[in-house]
Amino acid sequence: MTRDRWRRALSHLIVVLCGVSVILALIPLALVLFYVLAQGITSLNLAFFTEMPRPVGETGGGMANSIAGSVLVICLGAIFAIPVGIMSGIYAAEYAGTRLAGAVRFAADTLNGVPSIVIGVFVYTIAVLPFRRFSALAGGLALGVMMIPLIMRTTEELLKLVPSTLHEGALALGATRARAVFTVVVPAALPGIVTGILLALARIAGETAPLLFTALNNQFWTTDVLQPISTLTVQVFVYASSPYADWHRQAWAGALVLVSLVLLCSLLARVATARMEKLHRG
Amino acid sequence: MLSRSPARTDEVIFRIGTGAFAVLLIAIVVGIAFALIKESWLSIVHFGWSFWQTDVWDPVAGEFGARPFIWGTLYSSLVAMLISTPIALGIAIFISELAPSSMQRPLVFLTELLAAIPSIVYGLWGIFVLVPAVRQLQVMTPEWLKAVPLFSGPPLGIGMLSAALILAIMVIPFSSAVAREVLKAVPQSQREGAYALGATRWEAIRMALFYARTGIIGAIMLGFGRALGETMAVTMVIGNSPQIALSLYAPQYTMAAVLANEFAEATSDLYVHALVEIGLVLFVVTLIINGLSRMLIWSMGRQRRPQNVAPVPARARSAA
Chain A
1 MTRDRWRRAL SHLIVVLCGV SVILALIPLA LVLFYVLAQG ITSLNLAFFT
51 EMPRPVGETG GGMANSIAGS VLVICLGAIF AIPVGIMSGI YAAEYAGTRL
101 AGAVRFAADT LNGVPSIVIG VFVYTIAVLP FRRFSALAGG LALGVMMIPL
151 IMRTTEELLK LVPSTLHEGA LALGATRARA VFTVVVPAAL PGIVTGILLA
201 LARIAGETAP LLFTALNNQF WTTDVLQPIS TLTVQVFVYA SSPYADWHRQ
251 AWAGALVLVS LVLLCSLLAR VATARMEKLH RG
Chain B
1 MLSRSPARTD EVIFRIGTGA FAVLLIAIVV GIAFALIKES WLSIVHFGWS
51 FWQTDVWDPV AGEFGARPFI WGTLYSSLVA MLISTPIALG IAIFISELAP
101 SSMQRPLVFL TELLAAIPSI VYGLWGIFVL VPAVRQLQVM TPEWLKAVPL
151 FSGPPLGIGM LSAALILAIM VIPFSSAVAR EVLKAVPQSQ REGAYALGAT
201 RWEAIRMALF YARTGIIGAI MLGFGRALGE TMAVTMVIGN SPQIALSLYA
251 PQYTMAAVLA NEFAEATSDL YVHALVEIGL VLFVVTLIIN GLSRMLIWSM
301 GRQRRPQNVA PVPARARSAA
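Which chain is which? The protein sequence lines are A and B, in order. The numbers in my numbering rise by one with no breaks, and the one at position 30 of the first sequence is 30. The numbers in my numbering rise by one with no breaks, and the one at position 307 of the second sequence is 307.
Among the clues, some could well be false.
Said to hold, decoys possible - Pairs of lysine-lysine residues, derived as DSS-like cross-links and limited to a Cα-Cα distance of at most 25 Å, are as follows:
| # | chain 1 | residue 1 | chain 2 | residue 2 |
| --- | --- | --- | --- | --- |
| 1 | B | Lys184 | A | Lys160 |
| 2 | A | Lys278 | A | Lys160 |
| 3 | B | Lys184 | A | Lys278 |
Source of the hints: derived by calculation from the structure; they are not laboratory data.
Please model the entire structure based on the sequences and the hints provided.
Put into structure tokens, the structure is as follows:
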């Protein structure tokens, strides 16, 4: 009888502990979001988006150049990653049983686990060292390398979800394989692939480590892809590590913009997924 | 024959065209290994094993010993795992076994949110919120506890404890997401069997955990791999001091953090090569950890397949 009671008490205790662990994880989430919002919103103003950084001592100014730089570098990354990710995803889905498909899947999973700072070092050795110059292009390349495995995997998964009857129907009508894939299968999976790209963008939009020694930083406005460029994340890092209160303010504002950007991407992806699910069910 | 040949060339072009991108992806991974070895060669030849056995990191004097970074990386990640593993498992169990289905989706969303917040934002929050809080905690350390090497030293706030805490927060969503998936893969019959034998809730959960043990270990290792390579947040709160200390209060340094701080400013070739060698080892270690954890999670997925009564075609299965 007592043993029974003990077993039941233990069971209750564990259930409670599991609930507590959920709360323990949600506390930091709430705290981070609260501070970013509270500190960010008081520091965020129009000048943040339109003005250049001011020198130390002068208050005010903004991060216009860093925001533009982030957008540029992220776009460059997407330009590198989307073709490679989608095409290799198509290969892995179409020739699923081949040795190359297995190898590319393995490579993508491996690449996905490589720490972002190591990708930064790698891109430094291939895109900075040979040209003796930090550049926005190198930064974009680093972000692109991080995006490729994400896009490849979602593309593959989603192409496999497209009913094989569509694929076979196109072939039966005399379409070549390329035509069947590009005009029938890929369009059917397109909303999902776009979602995958959005999620990949959300993942890399907040990346700092791979940009530290590829895109480096720049005090000035530039859109030259061959020059070092300032990005929002690196600038937040610089400001946060500085001893100046006004720069800290700017860092919080930057963090708020970053978090909003990342959440916006995830939210868009979520909406797209929901729509996809509805389509599939309907 | 003739009429078929255009279609066949089309097929060949398609296969080579898409295959070329697949080869490119593989080339990137191989290229990372190759480039890291090539650009660290000077250091590998110059220092050999002593690179990893030397405690002094003094770039100005040309002395490069990487042991403090290995120590800092392993120590911070292990402490982070000690903190995060029970919490991550608790979350996974709560979501997959205990929570009513209406709560599951919001909870999954919230834990995903934890993973979506950029590292740099965690770092910023760490500097201005977590570190002062940890410092307060350290100031309140009772005297008798200070005698323990683990808690000795001045209350700086910045240091190993802050780094491990922030790592733990960042790793939780990864471990718990995989553990949740693994638990979901445990057949319902396992739990029903346990309940039928009079098991309490916890005993049934323990059965499920035991059934899923390989996958659970994989999930924890995946989190460990993440912790090893995490850069920005750790760099901002660990204190960046290359020393080997047991104290959780002491500022230390990690492999990823030294790369983040010193790479762009490395002046001599040997300095750059020494840093790249640190990157190379980080690459190899995370490769091994991730490979092992994927293998464990994958074997978990295979294990249950024979129990399906009829083999389900791949397409139908993934659509379900």
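Check: Going through the earlier hints one by one, which of them does the structure break, listed in rising order?
Finding: Hints that this structure does not satisfy do not exist here, as all of them hold.
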